[in-house]
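Enquirer: Residues per chain, in single letters:
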Amino acid sequence: MTLVIYLLTPFTMTHSIHLFQGFRIIQTRMMLLAILHGLLPNPKLKSILEGCTDLTHLWGNTLHSHNLFSRPFFQPQSVYIRFTHIVNLQPKFYLGSAMHSTLDREYSRSRKYLQLTHERLVQAELALRYWQEHDNLYVWAPIPVYTNRADFRSLEMALIQEWQPKLNFPFICQFFHPKRGILKKPLLNTNAQFGLATLWRRSRHKFTPQIVRQILTSSRFQNRLELWTIIHALGSNTKARFEQMKMLRSNDGGLTLCYALRRLANNTQEPFRTLSLNAIDSTIKWWRGKPAPRASALRAPWSLSPNLPLQLKNFLRTWHHKMLDYQVPCHTPSFKTVFIKHAAVLDQLCNHKQAIADWSTSNPPICCCKVWTTYKSAALNPTDDHWVLSGSLLHSLLPPALAVIAEGSLSNKVFPSKKEYLTQLRSGLQSWTKRNGLPSMPTSSISELGHHLWSEHTQHITNHITKSSITQLQSTFEGAVFRCEDKQSSSLRIYCPCLYYQSIENTFQDPSIFETLQVDPTATVTSPATSLQKKHGKAYPWAVGAGRQLPAGYILAKRKKELRSGRPIISFVESPFRPMLNILARLIFQLIPVACPNHFATGDVYTLLSILKSAPVDADLILVNQDLAGFFTSIDQDRFVGSWFMLLDFLRPTMNVSDDEVFSVYPGKSNNPGDIIKGRTFRRLNVTRKIIIKDVPDLIKSALNMQTFALGQKCIRQCRGSPMGSPLSPALCLMVVSVSEQIWSGPSLSTNFSPTITSSSDISATLTTAWFLVTDNLLILLPMKYSSMMVSMANPSFLKLNQTKNSLASCWKPNHSS
Amino acid sequence: MLETKPLELIYQGPTNVSQVLSPYSASPPKVLLSGFRSRCHIVIKGAFPTARVHQGLDQLIRLYTRAGFPKEELQSLSDQLLIQHQNSQLPSQIFAASAACVARFFSLSSLCSFSLWLLVLSCSSGVCVFFFPSFRALMLSFLAQISPHFGVSLLLLSHWHHRPRSR
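Line order of the protein sequences matches chains L and C. Per the numbering used here, residue 777 is the first one in the first sequence, and the count goes up by one each step. Per the numbering used here, residue 8 is the first one in the second sequence, and the count goes up by one each step.
No lab work stands behind these hints: they were computed from the structure. Fair warning: this is a prediction, and the values are worked out from it, not measured in the lab. Hints are not guaranteed to be accurate.
With a straight-line cut-off of 20 Å between C-alpha atoms, the simulated DMTMM-like cross-links for lysine to aspartate or glutamate are [to be verified]:
hint	chain 1	residue 1	chain 2	residue 2
1	L	Lys1061	L	Glu1002
2	L	Lys1389	C	Glu15
3	L	Lys942	L	Glu909
4	C	Lys52	L	Asp1380
5	L	Lys1470	L	Asp1425
Produce the entire structure from the sequences given, and follow the hints as far as they go.
Expert: Dropping the structure here:
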């Protein structure tokens, strides 16, 4: 019967939307039958479908019964479930609500899905991103649960908490993280795990305080829908919000109800969450109650004490048990421990910053090589006047405790001194009690625990890296400069200061790139910060930020230049204008794939590997690796601004790019909602940075003019290109290169470009899948017979076709081919 | 490193002890071995053929053993990751094969019944049989257009393996 209706459907419907609806209903019927009569259905889903949905006409075999079955799909104010019959996906169902009808919502969802699949920049809920990511939206089908309910929104919230559907927020955060890496995400901690069920379970526990039990057994908490209606009203911006706040401030409400509601509202989706929490928090303040705490893990220092997490947990639990009467109702503390990172060897040992400061004061360096004769065998350049000792070669020449540091990684962490350890433990426990809303612990019990843990730690310590061994190594090589070398960032190198000073001078001596200014760095930073504030502060008050330090320069000595010269490194940490630089970079990185879909820097290394893996073995392929010489210094400022306008041109078909349009950019970091960061669940900031399109060129120019940096007490200016070390520079350079690649891959240009391409129909397809840009490296996989094209890519005439002032081609150089 | 004859991708990982964390470092054991775990993932996902995967893992185990980690622990960790990857790959291959077969069967049978039904309809309503092929072609193209949205959703698959859309 269903098959007949399926076949007839195209002829009974006229509009595409009706077709869509017709097929969805048939699909729902088939999936329902598959679940109800199939083998091993998910018991939770099956019982929800059997108990809550209208299945009266599911088994009917007439057209009339099909119509009766379809009726709820078109009724307004509905709460529905999206489910699938596929066995391993059955637990992942989704609960939603619709104002007009279930199928209307389904249709709007499919349109949003289409936008997502076309990589439009749209806001979409996590569930839809999940379906888009796995390309299986239509494997789920909707069925209404309730219809014609005025309180359908709060009913949805209540049911989400009751049934905990895996595809709804926040449950979906447990397994789905868009753009995450390979590491598995830890489970949410118990406090993030969803108020209602745990809250009710808590009412049965013996140790639950009387006051909490009273709240949970009150008549209002017995009617769960009423509870969610209050929260929904508080999360709206209507008159109902005002009414509910009035109720909470009256004798009908009260402080304890506020705490319980806050616990529940904390798990709802934005924007309801923020609005309702604001309302509840202001009411708690009005009642002069203790602010509701966030369950936060203990941040403690790591030590070698056996069963350290368990010992700490027991200590916290004991304190909690004692302070049960003072706990904020319904807000149980977290008993998890997050071990804070100790300082790395790099932070404790390396003194290159001091070396640069000493160099800039023009004091002559003191050679250390004379006292290093016993270590000559560890020198990388024993024939030179001044040596560099390799940490790994020092292994046999030093005592074991020092050898571990010398040959080990600079990222190894250092155990602190006893004093530091006790301080870290004390501050961790104090902030734990404060954040979890518990009274402070007495100092004596904290110090007792600290001493106990430290004594256990010292019993287990052997050749571990400690603060004292670092000091010992420093005194062994007194006067030396401790640093790594270029492309060996984790290996220790011990430099004679004479050689290191020479290396600094040689690195920054190229007059075509660097110019020494005769000014004081501290004086130089104030005027640019003021001018930036004056220029952009009104439109973008957040742009300049709190940093007031001039960017600082360092070097990484290069082995291939006999360690007498190096790579310049410029750090923009704590520099003014950094927030704007970050936001502009983020904006450009987001726009490039939309504007230039054919640029080469698409996909990650695994995409590259999979293409290599699937490359035909007998196709006589050649893999070429090209490197951009001087990525940041080779492109002039006009070209950056010109490329920005070209990027806007490429964006024009996709979006409105008129001058007064605004880009919204999330300032959040690369973490995803639901990640556990420093013991807390990460939530995306509910703010966006807005940038008006017409301001972008000026902002880019301001960013490009930040060319001055400090080298100890000296001031240096970078004469050309984009500032090295600026967070914006990689984005700008990628933009220039991507725009060129997009033009190059276009059909109009490629026909003019090389006769080789026009003569072959399949070459363009081969090329688009075989070009990759990894930062400033270009990997090209192509048949040997087209290898002559590599010469064409380096031909300046190609880029002259782009009507640009400066040719990028001059900076392409073939590195090697294999 | 890419070998061309035959085509092989060989993992060239860290070779010095200074490139990995030391067991004497001040971090919990899980953190100390996180680098090993992620490097194993890279080897398993990237290197091919299988012999090169094992070679890469052995190389990693040797280095970490040299750094002072217990070999048994490293071996069991790498085995565990290898099995985990194999398990995640197997269903996707099965799915790819079965989905293609089912889709082909379903579309074929649906089109056959559809054409038959049209034939009956056109004959019984007195429509000239001459126009039937063109009408059928039109309908088939229409079905082909809508099938990605409607046809696929009707596949009665028993299992679905999560295969993220390639970016």
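Enquirer: Need the list of violated hint numbers for this structure, in ascending order.
Expert: Violated: hint 1 alone.
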